[in-house]
Amino acid sequence: MTVIFVENLNKKFGPNHVLKGVDCHIREREVVCVIGPSGSGKSTFLRCMNGLESITSGSIVINKHRLDDSKTNINLVRQEAGMVFQHFNLFPHLKVIDNVMLAPLKVAKVNKDEARAKAEMLLAKVGLAEKMEAFPGSLSGGQMQRVAIARALAMDPKIMLFDEPTSALDPEIVGEVLTVMKDLANEGMTMVVVTHEMGFAREVADRVLFMDQGLIVEEGSPDEIFSSPRNARTQGFLSKVL
Amino acid sequence: MFRAFDWQDLIPLAKGAWLTIQLCAMSGILGIIFGLILGIARTSPSRIARWISTIYISCVRGIPILVIIFFIFFGIPLLFPGLELDKFASAVIALTCFAAAYVAEIVRGSIEAVPRGQSEAADALGLNYWAKLRYVVMPQARKIMVPPGVGFIIGLVKDSSLVTVTGLVELTHAGNIVTNLTGDPIMTFLTVAAMYFVICYSISLLGRLYEKRTGIQVDPLKLPEPASV
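Chain order of the listed sequences is A and B. Our numbering numbers the first residue of the first sequence as 23 and each following residue consecutively. Our numbering numbers the first residue of the second sequence as 5 and each following residue consecutively.
Chain A on its own, in the form it takes in the complex (with noise of 0.2 Å):
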């Protein structure tokens, strides 16, 4: 089943014009990662896709929510679709749990016990039980960053949106982040994911688009993009980064 639905998506930031109708279906349980050089469009894609971005035309339907629509409440979509920054993000005056907890306790209302018992479990699965109690301003960027995929998760979002989740990370804990990301990938999560950690790409994506210049140029699975690229435009950008 097709959960994203993009058609001929345009965005202009005043003369910018930053995507030039990208077309693109996503299903459900699919991993996609979106490549390519920088200012190509690829995080703007992934913007538009929670209304972060307004979109200047074209559609996007996230399960059945039109959001080029004035009458779709974005906070229903945004519900639906967690989202996972390069900067992370956490609220620096809320401790880790709170962080977790905000959202479930302020826009789902559930009472304080299930949200807690909820955040308590996320934090166990990615790995931060003990950090509970700490502030984010205590933990090092790879804790943070999976602080906030259980900040994500908290809503049981269908789908989740990450941008360049890894860029801000020093190389030796890029790892600890990947692997939780892996792990729900595994358990069947929508995912679409900037990156341009080209072995998490190669390794768990299950549709890899490549992005230039406000469009998608090419698209494939990883091997197919990776090994045998078509585009000369996809062909250059692999030979400088690979």
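The hints are simulated quantities; they were obtained by calculation from the structure and are not laboratory data. Mixed in with the good hints there might be a few duds.
Stated by the list, open to error - Simulated restraints on C-beta separations:
1) A:Gly36 <-> B:Glu215: 36 to 44 Å
2) A:Gly36 <-> B:Ile59: 54 to 62 Å
3) A:Ser60 <-> B:Glu116: 53 to 61 Å
4) B:Leu209 <-> A:Arg88: 53 to 61 Å
5) A:Glu136 <-> B:Leu213: 52 to 60 Å
6) A:Lys117 <-> B:Ser50: 27 to 35 Å
7) A:Lys204 <-> B:Ile59: 50 to 58 Å
8) B:Gly113 <-> A:His39: 27 to 35 Å
9) B:Glu116 <-> A:Lys93: 28 to 36 Å
10) A:Ala156 <-> B:Thr218: 16 to 24 Å
11) A:Ser79 <-> B:Ser50: 53 to 61 Å
12) B:Ala53 <-> A:Phe27: 30 to 38 Å
13) B:Thr218 <-> A:Lys134: 20 to 28 Å
14) A:Lys262 <-> B:Ser208: 39 to 47 Å
Positions of the beta carbon are idealized from the N, C-alpha and C atoms, including for glycine.
Based on the hints, put chain B in the right spot on chain A.
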């Protein structure tokens, strides 16, 4: 004809100081409440709210405080003939109008100083505007607005001396009266100055205490301490 400045003269000055404290406490609290509302409106997604607060803030900031005091004191009884305002009430209104505009700018600046990623993370979790403001943005903005806010309230205490023109016997006016009685402006106004200083310095101590008590947790810029071995 004149007598020397003695301890008895401290009584009217102390009364004046007490009135200044009451005046500043009331207009300070009201100014903070209205300033918060205006400052939040200034950053709100509603265009009308932004417009109204922007117009108000620009107008008040473009008018000398003395003109605001005169306008409220002489203008309100003419505009609303039935309304009887005593000097104290009109001074509170004038200072509140003035304070609200400046507090609003401090609030706006503090809200805008909270990194945009915080707001985006709250959006991405599905928090609505008010929940985002209450649980994510304001707790962080509060810490940022305390130092300039304390500075402004101290300024307000000093500016409150201008309401002396309405005849309200606050600290400065009391100083004037005592000077006329004793003919000793040096001792009198040194005392007045000392009293203003004590009020202002107490406020800045309170502000520092507040920062210390809340500062441990609420510091978005604070880097993690290196782990000690």
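Structure-based check of all given hints:
1. A:Gly36 <-> B:Glu215: 36 to 44 Å: holds (40 Å)
2. A:Gly36 <-> B:Ile59: 54 to 62 Å: violated (27 Å)
3. A:Ser60 <-> B:Glu116: 53 to 61 Å: violated (27 Å)
4. B:Leu209 <-> A:Arg88: 53 to 61 Å: holds (57 Å)
5. A:Glu136 <-> B:Leu213: 52 to 60 Å: violated (38 Å)
6. A:Lys117 <-> B:Ser50: 27 to 35 Å: Since Lys117 (chain A) and Ser50 (chain B) have Cβ atoms about 33 Å apart, the given range 27 to 35 Å holds.
7. A:Lys204 <-> B:Ile59: 50 to 58 Å: holds (55 Å)
8. B:Gly113 <-> A:His39: 27 to 35 Å: holds (34 Å)
9. B:Glu116 <-> A:Lys93: 28 to 36 Å: holds (30 Å)
10. A:Ala156 <-> B:Thr218: 16 to 24 Å: holds (18 Å)
11. A:Ser79 <-> B:Ser50: 53 to 61 Å: violated (26 Å)
12. B:Ala53 <-> A:Phe27: 30 to 38 Å: holds (36 Å)
13. B:Thr218 <-> A:Lys134: 20 to 28 Å: Given a distance of about 24 Å, which is inside 20 to 28 Å, the answer is holds.
14. A:Lys262 <-> B:Ser208: 39 to 47 Å: violated (57 Å)
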